[in-house]
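Let's have the full structure, built from the sequences with the hints guiding it.
Listed below are the residues making up each chain.
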Amino acid sequence: MAVADSHDTHDDHHDLHDHGEFIAHHFDSAEQQFDSGKLGIWLFLVTEILFFSGLFVAYTLYRTNHPEVFEQAHVFLNKYLGGLNTIVLLFSSLTMALGVRAAQLGRNKNCSIYILITMVCATMFLGVKAVEYSHKWDMGILVRSAFNLTYTHPTPTTEIGKALHISDYLVYLCVVPALLLAGFIVASVISKLINKGTLAKFMIAMAITVSGYFLGVCVGIIFMNATEGETGSTHASVIAEQPLMLLASTQDDHAEGDHDDHDKAAAASNHEGEHSDHEEHFGSHPADGGEASFDAHHPDPSTLSRDVGIFFSIYYCMTGLHAIHIIAGIIALAWLYWRSLLGHWRTDYFGPVDYVGLYWHLVDLIWIYLFPLLYLID
Amino acid sequence: MVDASTRQKLFGTPETNFLNCTKGWKSWAFTLDHKRIGIMYLIGVTIALFLAGVFALVLRSHLFTFDSKMLTDDMYNQMFTLHGAVMVFSFIIPSIPAALGNIVLPMMLGAKDVAFPRMNLASFYLWIIGTGCLLAAILSGKGLDTGWTFYTPYSIDTNTGVIYATFGAFILGFSSIFTGLNFLVTVNTMRAKNQGWFKLPLFVWSLYATAIIQVLATPVLGITLLMLIAEKTLHIGIFDPKYGGDPVLFQHFFWFYSHPAVYIMILPAMGVISELISVYSQKRIFGYSFIAFSSVAIALLGFLVWGHHMFTSGQSLVVTLIFSAITFTVAIPSAVKVFNWLATLYKGSILLNTPMCYALSFIFLFGIGGLTGLFLGALSTDIHLHDTYFVVAHFHFVMVGGTLTALLGGVFHWWPKIWGRMYNDFLGRVGCFLVFSGFNLTFFPQFVMGSRGMPRRYASYDPEFQIFHQLSTVGAFVLGLGILLSFVVLVYSALRGPRCSSNPFRAASLEWQSSSPPDFHNFIHTPVLTDPYDFETQVYDEELDTYIPREFANPDKVAPRKEPVHH
Numbered sequence: 001m002a003v004a005d006s007h008d009t010h011d012d013h014h015d016l017h018d019h020g021e022f023i024a025h026h027f028d029s030a031e032q033q034f035d036s037g038k039l040g041i042w043l044f045l046v047t048e049i050l051f052f053s054g055l056f057v058a059y060t061l062y063r064t065n066h067p068e069v070f071e072q073a074h075v076f077l078n079k080y081l082g083g084l085n086t087i088v089l090l091f092s093s094l095t096m097a098l099g100v101r102a103a104q105l106g107r108n109k110n111c112s113i114y115i116l117i118t119m120v121c122a123t124m125f126l127g128v129k130a131v132e133y134s135h136k137w138d139m140g141i142l143v144r145s146a147f148n149l150t151y152t153h154p155t156p157t158t159e160i161g162k163a164l165h166i167s168d169y170l171v172y173l174c175v176v177p178a179l180l181l182a183g184f185i186v187a188s189v190i191s192k193l194i195n196k197g198t199l200a201k202f203m204i205a206m207a208i209t210v211s212g213y214f215l216g217v218c219v220g221i222i223f224m225n226a227t228e229g230e231t232g233s234t235h236a237s238v239i240a241e242q243p244l245m246l247l248a249s250t251q252d253d254h255a256e257g258d259h260d261d262h263d264k265a266a267a268a269s270n271h272e273g274e275h276s277d278h279e280e281h282f283g284s285h286p287a288d289g290g291e292a293s294f295d296a297h298h299p300d301p302s303t304l305s306r307d308v309g310i311f312f313s314i315y316y317c318m319t320g321l322h323a324i325h326i327i328a329g330i331i332a333l334a335w336l337y338w339r340s341l342l343g344h345w346r347t348d349y350f351g352p353v354d355y356v357g358l359y360w361h362l363v364d365l366i367w368i369y370l371f372p373l374l375y376l377i378d
Numbered sequence: 379m380v381d382a383s384t385r386q387k388l389f390g391t392p393e394t395n396f397l398n399c400t401k402g403w404k405s406w407a408f409t410l411d412h413k414r415i416g417i418m419y420l421i422g423v424t425i426a427l428f429l430a431g432v433f434a435l436v437l438r439s440h441l442f443t444f445d446s447k448m449l450t451d452d453m454y455n456q457m458f459t460l461h462g463a464v465m466v467f468s469f470i471i472p473s474i475p476a477a478l479g480n481i482v483l484p485m486m487l488g489a490k491d492v493a494f495p496r497m498n499l500a501s502f503y504l505w506i507i508g509t510g511c512l513l514a515a516i517l518s519g520k521g522l523d524t525g526w527t528f529y530t531p532y533s534i535d536t537n538t539g540v541i542y543a544t545f546g547a548f549i550l551g552f553s554s555i556f557t558g559l560n561f562l563v564t565v566n567t568m569r570a571k572n573q574g575w576f577k578l579p580l581f582v583w584s585l586y587a588t589a590i591i592q593v594l595a596t597p598v599l600g601i602t603l604l605m606l607i608a609e610k611t612l613h614i615g616i617f618d619p620k621y622g623g624d625p626v627l628f629q630h631f632f633w634f635y636s637h638p639a640v641y642i643m644i645l646p647a648m649g650v651i652s653e654l655i656s657v658y659s660q661k662r663i664f665g666y667s668f669i670a671f672s673s674v675a676i677a678l679l680g681f682l683v684w685g686h687h688m689f690t691s692g693q694s695l696v697v698t699l700i701f702s703a704i705t706f707t708v709a710i711p712s713a714v715k716v717f718n719w720l721a722t723l724y725k726g727s728i729l730l731n732t733p734m735c736y737a738l739s740f741i742f743l744f745g746i747g748g749l750t751g752l753f754l755g756a757l758s759t760d761i762h763l764h765d766t767y768f769v770v771a772h773f774h775f776v777m778v779g780g781t782l783t784a785l786l787g788g789v790f791h792w793w794p795k796i797w798g799r800m801y802n803d804f805l806g807r808v809g810c811f812l813v814f815s816g817f818n819l820t821f822f823p824q825f826v827m828g829s830r831g832m833p834r835r836y837a838s839y840d841p842e843f844q845i846f847h848q849l850s851t852v853g854a855f856v857l858g859l860g861i862l863l864s865f866v867v868l869v870y871s872a873l874r875g876p877r878c879s880s881n882p883f884r885a886a887s888l889e890w891q892s893s894s895p896p897d898f899h900n901f902i903h904t905p906v907l908t909d910p911y912d913f914e915t916q917v918y919d920e921e922l923d924t925y926i927p928r929e930f931a932n933p934d935k936v937a938p939r940k941e942p943v944h945h
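These protein sequences, in sequence, are chains A and B.
Sequential numbering from 1 applies to the first sequence in the numbering used here.
Sequential numbering from 379 applies to the second sequence in the numbering used here.
I should point out that these hints are in silico values taken from the structure, not numbers from a laboratory.
Possibly wrong hints are sitting among the right ones.
[As the list claims (entries may be wrong)] Derived lysine to any residue pairs resembling SDA-like cross-links, with alpha carbons at most 20 angstroms apart: (1) A:Lys136 <-> B:Lys571; (2) B:Lys571 <-> A:Leu39; (3) A:Lys201 <-> A:Met224.
[Claimed, not checked] Calculated from the model, a selection of chain B residues having no Cβ within reach of chain A, i.e. all distances over 12 angstroms: (4) Ala382; (5) Asn395; (6) Ile425; (7) Leu437; (8) Lys447; (9) Thr536; (10) Ile614; (11) Tyr635; (12) Lys661; (13) Thr690; (14) Ala703; (15) Ile710; (16) Gly748.
Even glycine gets a Cβ: it sits at the ideal position worked out from N, Cα and C.
What follows is the structure in structure tokens.
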């Protein structure tokens, strides 16, 4: 704290000499510049909301037209992982708000710490998301055209996958972060060697940020393993309660081609209430019947509407676009972190932290809507 | 009152200005100066105009005879698609706001620049990248044959370069958002001291209304095009009926942007016309606040009428009726504007120079374009006229007769301000006459053809329509000649035209208080806030041979009016 205080004094002192260091030539005052930036970022947030709105409208439309698809589909999303991510993002919004406050008071060191925590939360969110995505890809839960639900988890073929018992997809999703981590560690060592202290500090912070991703992956796997049984039973109970006539009627409307007859048959026989029928259907389904081992806790893929894939199309579009915004946010936060290290924030100049903070809260807010809309359908 | 040397400094032709203050291509490529970015935009949209114009002339040449073999059917499809896509996304939408607006808007506010100069430059580079992606559809050898609307499911099934083109339109959307966002913030925070909202020139109001649409509508197009790309590559089943998707949803999304986009195209044009009519009538604009609010009203109503593009798509009758009714209400603010322009002309001291000729052409052509819109907004007639040449003629009257005419008028009006040189007014008027007559000859016959059932987007037609198509083709070449002549007149004047003074037209808005060409910072001296439509505040100064605000004038040498200029 003593360090931070002395830094503050220095900043105030600095202020007297070069007031307006960061004021662009076309603005008359710091206040005008701040107001312009603030209005600009709010308008940008409006465009962001409208950008997502297309997907929300698509969601609303399909949920209104096919509510049963959404009820069948959401059980495949692990709400514990979703909940974990919600908490992580909410916490990151808190640290972001604290970072903004620190910048407003000109406390650059505090600000940098808060921004670092925010970045770690962001990467942790992405790590958990990677666990979720890879788990779904393993089961063949993909977008509409590629949707092919099987419960077989393909055995990992990569060396790392075999060693850690994690899916190949998760290994692939970790390649880029691993390279980034190695790059930042090397960069920090080099900048230390050539006596660029601030740069070294920045690179270490970036390495810590990327480590957050692996923390997210580990926590995600632990949560996944701990809740898998329960999610499985959720699958079973929901499907047992499904009004199956409804299923059959939906499929009349939307199933097509060779699946049509089969689905109807499946729905009809299920309607008779004999659960043992499942086994027979698997037998008659050459695509997934051969390898799939029937599990009483998992719904039979043949009872699902083909349009379940549309739910996952929307899920991947929404969460994917949201993840892109998280990544953009991390880049913006890294820039803020760098400027905090340089001690740029002063009581009369903290606009960029404020603006990125608003953006970060919006990204958080969008997730607050996505979580119940996708995970908590009942 | 200021002394002669200061007056000379403020209103004379300065030695250094924004054009020559720095040199070299880097000083342009990395400039943050709104005037230079505006000029680069002007060059860019001109290239897009010529390119898409050549496509149009090829189309018209093909249609000269009913059994023409000039283009194959596929090539014909690709030609009209690229004509439409390049004209809409690369030319009309950025033309007036990003080119003229960029140059003029900050000066009208007495500001040194727009609020976010870097974003302004980014907008221009996004325009280049986006246009490049659109054209990549041709260069890839696949072309594009969906029409500029990219309707599903055809756009999903066709093997042409839909992904290039939609990605290009996506990028151009961000370019447009950046411009709009910049203008909104600039008008809100950078106005001159004491310049209230009702002391703004009406061009600023119209750009503000346009910017509202750009910011609110364009993101929806962005996500729609992304979903279309995802549909085409991953088959996500949102738009593709093969996978349970809804192709009409695409139409809703598309027109939710593209109808407001029509007002992105026409509102700035209306703003230009409000300036021109008032300045060249030397008369206070009639009904200032009505024109100002009608711009905002059009912008807001524009969001509620997209369904009138889809009367035949099978949407519910109730929705169709509501869309039809709201469509008619758009006519009210539009008519308010036309009424006010005509009332401004009444008993004005009218100067029929090139910009004014364009302004008067605008009122005539926009009147026809707007009124024929009512035919299409009416349900019963629309069923008959849907997808015929009547629609083509209608929107060309608004887009070309409206926006292009206003763009040319605006360019001629502000050209002496930008370059400090005057153009040949006679040749300018000849160009205007060719544009006006060529335009009418091109599109008037299309109303007749359309109402007799000639469908749009067809490469061949029944022999009975040949005479109309031939008139139309001749007209298109006259129109092209007119634009080419205007281009030559403008370029020649920028290079070789006689020097002109800071305010040759006795205009009262703030940009005319800068020298011509303006200083890098726009104004050497903080401008005196004058009423933009009170022309009595501008007095003629003999020493400088120009109009300057009364506050700056030497009372001994003031003539209330330099006689030959107006009358």
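Verification of the hints:
| no. | hint | in the structure |
| --- | --- | --- |
| 1 | A:Lys136 <-> B:Lys571 | violated, 60 angstroms |
| 2 | B:Lys571 <-> A:Leu39 | holds, 19 angstroms |
| 3 | A:Lys201 <-> A:Met224 | violated, 35 angstroms |
| 4 | Ala382 | holds, 29 angstroms |
| 5 | Asn395 | holds, 17 angstroms |
| 6 | Ile425 | holds, 28 angstroms |
| 7 | Leu437 | holds, 33 angstroms |
| 8 | Lys447 | holds, 40 angstroms |
| 9 | Thr536 | holds, 17 angstroms |
| 10 | Ile614 | violated, 4 angstroms |
| 11 | Tyr635 | violated, 10 angstroms |
| 12 | Lys661 | holds, 34 angstroms |
| 13 | Thr690 | holds, 21 angstroms |
| 14 | Ala703 | holds, 23 angstroms |
| 15 | Ile710 | holds, 27 angstroms |
| 16 | Gly748 | holds, 28 angstroms |
Violated hints, in rising order: 1, 3, 10, 11; the structure is consistent with all others.
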